[in-house]
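Peer 1: So the chains spell out like this:
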Amino acid sequence: MNYYRPTSFTERVKKILQLYWNFFTRDIASKQAIALQPLSILMIVPQLDRLGGYERQALELSGSLVQGGNLVMIVTEQRGKFPSREFRNGFLIHRLNGTGIFFLARLLGFLFARRSRVHVVHCHGVTGFTLIASRIAKMLVQPVVLKAATRDDVRSIFQSKSVKCVLYRSWFRKIDRWIAISTELKEEILSCDIPEERIIRIPNAVHHEKFTALPSEQKNVLRAEAGITSDQTVFLFVGRLEKRKGVDVLLHAWQKQEVGVLWIVGAGQEEPNLKKLSEDLGLSRVKFFGTTLNPLTYYQTADVFVFPSLKEGFPNVLLEAMSCGLPCISTEIGGVADILKEDLQGILVPPNDPDRLSGAMIRMASSSGDRLRWSQAAAKTVRDQYDFSVITGLYISLYSGLMR
Amino acid sequence: MARILHLISQIEQGGAQRQLAYVVANQKWDLEIASLIASPKEKLFPFFQHTEVPIHFLSNSNDFYAPEILPSLIKLVRDREYSLIFCWLFQSIVQGLVAARAVQIPCIASPRNMLEHLKRGSFRKWEKLLIRRALWNADRILFPSYSVAMDFIDSGWAQTARSRIIQNGVDTDYFGLSGKEGNAIVTIGRDAPEKGLEDFESIATNLRTDFATVPFCVAGGKKAQGSPVELLGHVEDVRPVLERAMIFLNTSIFEGMSNAVLEAQSMGIPVVAKRLGSTSEIVEDGITGLLADNIQDLTSACRKLLNDADLRKEMGRRARERMISRFQIAAQTKKIEALYSELL
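Protein sequence lines, in the order shown, are assigned to chains A and B. The first sequence begins at 1 in this note's numbering and counts up one residue at a time. The second sequence begins at 1001 in this note's numbering and counts up one residue at a time.
Keep in mind the hints are simulated off the structure, nothing from the lab. One should not assume that every hint holds.
Here are the computed lysine to aspartate or glutamate pairs in the EDC-like style, where the Cα-Cα straight-line distance is at most 20 Å [unchecked claim]:
1) A:LYS81 to B:ASP1297
2) A:LYS210 to B:GLU1314
3) B:LYS1334 to B:GLU1230
4) A:LYS219 to B:ASP1310
5) A:LYS219 to B:GLU1314
6) A:LYS81 to B:ASP1293
7) B:LYS1119 to A:GLU86
8) A:LYS210 to B:ASP1171
9) A:LYS210 to B:ASP1285
10) B:LYS1335 to B:ASP1030
Given these sequences and hints, build the entire structure.
Peer 2: The structure is reproduced here in structure tokens:
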């Protein structure tokens, strides 16, 4: 390589000026730099620290995106005494303080300062916060993705006559992509005048390598610890104990014939009522475990998962149970229909029907051949379609498609 | 083939020096090393005492900004006809970039620690300003972890388009399984406030009451008597120390990307560490180790592991598997080579 060496005085001056100029402006192969740069994603998650279903999905997705070589930043509201800037699993969490107009000003400043460092803005949930944030982000020329995770959120804004909702509705058109987690939600968004090419169905995901079935020896050890004999079938329900989860229907069905042991994991406002109902019905083989942060052991010990819910956006617990290789009995409602097919991974029953539910449980308890077949199919479905590696791939291709 | 200059502030000890040694040992490119300040041969990092790669010293004084450094660096770059300068650590970035611009060759800057290190350390104000300008203008910025990258990009110190992240790697063959489990709780870190050795000592005092026979060792810190822990001082090779370990405890306050944690995990030792961004990238909480926020939680995490031999074994196995699948030095070096070819 031959370097250029200045000879005369004027050349020398020119060279110094050029050097100075280069120091501030030069970028070697800048086109390539842009093509190969890491994707930088801003997640907007209201109330991250509540750690409900979709907050946890957002955190897991962020971690998974970082593992795939992308940069992720999360911005959320400060609710409690959490650090305002926190690094976790390779991504950065910002918690913004303040309420009302002060919060808005802070959000505006935050997004403005980062407008050139962020490639895609991904909002989780349809709330005032995410809609305002998406509008600001759109103003700063960034593609915006909005994930609708609960039923009737979009429709209630669309049908409401209040000034706020009319304003929000006018911003619906600005959002580049709507993510519907189930077919039912997709139809709901479609009915709110949003063109179909802007709606994508990407379901929630689960870590299959974490939620996985144990080999039979280890499972037997767990069962022995829990005091279960080998001929007993353990039916498991996991979820918040609320009216819409239909646990009372499950207890009524259980009363018809107790075909094993029924475990109910979770807490909620209905807990005392359900315990009382269980006593009134004279049920002996029902056990309430209360709430838990890590339901994995329950999935690994149980034989069948029962899900009597009446209304559901996207049942993450059902996915976790299937990932652990549990054959499932579920009510045939929106959200479930995408994941669970009749006689493929389990049995579907109509909602609010104790007779059919009881019949399904008897069938599960008696036919171990079917159970094995459904169990294998359930684990395979999750591994092929709902594992985080698959879903993260879908998100990455969505983001990079929008950047172009 | 293009010749590449790796510029570093000093090559005596530290995490970046260890990574540089790995890179030099594993790479097929024509490499040379330049250090801003001179060190006597016996003080050099062990790898560089024996390597055949040429090492240039740019100054004899102890000052990273000695006036003779920049002219001699530019002269070196002209004479040896390098086609790329790779600057390690904060101190070398400014002079490396100026030299690269003077002869119009590309420059990669690689800060190895969080921004907090720059803010808390003994850096002068003008120095920080220069480093900031240089980072912003470098052709590529190579970060050792996603947390460091996010930190610099979020604070406006680096451009996203020019940032690349290649996580630190570890030589999983050299740091292999030792075959038997040690009996000590070990940490590695030089005697600096950000390594949190006081926290390590107070955890040791807390655990002493229940586990009187478990020794606590610190390698790399100062040598002293009368401390609740065993201070081994500076060690050339950390492997024998890690072989004594039952649990590796990391109490650093901030960390760009901890080599010690990588090496411990590669040897199948379960890790208990403060929940920092970069540490949570390499340690999976509850799977390959335990992460905690404060001294009480760290102590109870240690207690949990000390009482459960099966959990230690399982975590150690998972940790080594993860190091082999994701943090092999050979794979990371390939990525660095791809970065060269991106610029040349």
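Peer 1: Does each hint hold? Answer for all of them.
Peer 2: Status of the hints after comparison with the structure:
1. A:LYS81 to B:ASP1297: holds, 18 Å
2. A:LYS210 to B:GLU1314: holds, 14 Å
3. B:LYS1334 to B:GLU1230: Answer violated: B:LYS1334 to B:GLU1230 is near 39 Å, above 20 Å.
4. A:LYS219 to B:ASP1310: Since the Cα atoms of A:LYS219 and B:ASP1310 sit roughly 17 Å apart, the hinted pair holds (cutoff 20 Å).
5. A:LYS219 to B:GLU1314: holds, 17 Å
6. A:LYS81 to B:ASP1293: holds, 14 Å
7. B:LYS1119 to A:GLU86: Answer holds: B:LYS1119 to A:GLU86 is near 17 Å, not above 20 Å.
8. A:LYS210 to B:ASP1171: It is violated: about 27 Å lies between the C-alpha atoms, which goes past 20 Å.
9. A:LYS210 to B:ASP1285: holds, 12 Å
10. B:LYS1335 to B:ASP1030: Answer holds: B:LYS1335 to B:ASP1030 is near 16 Å, not above 20 Å.
Of the hints listed earlier, those the structure fails to meet are numbers 3, 8, in rising order.
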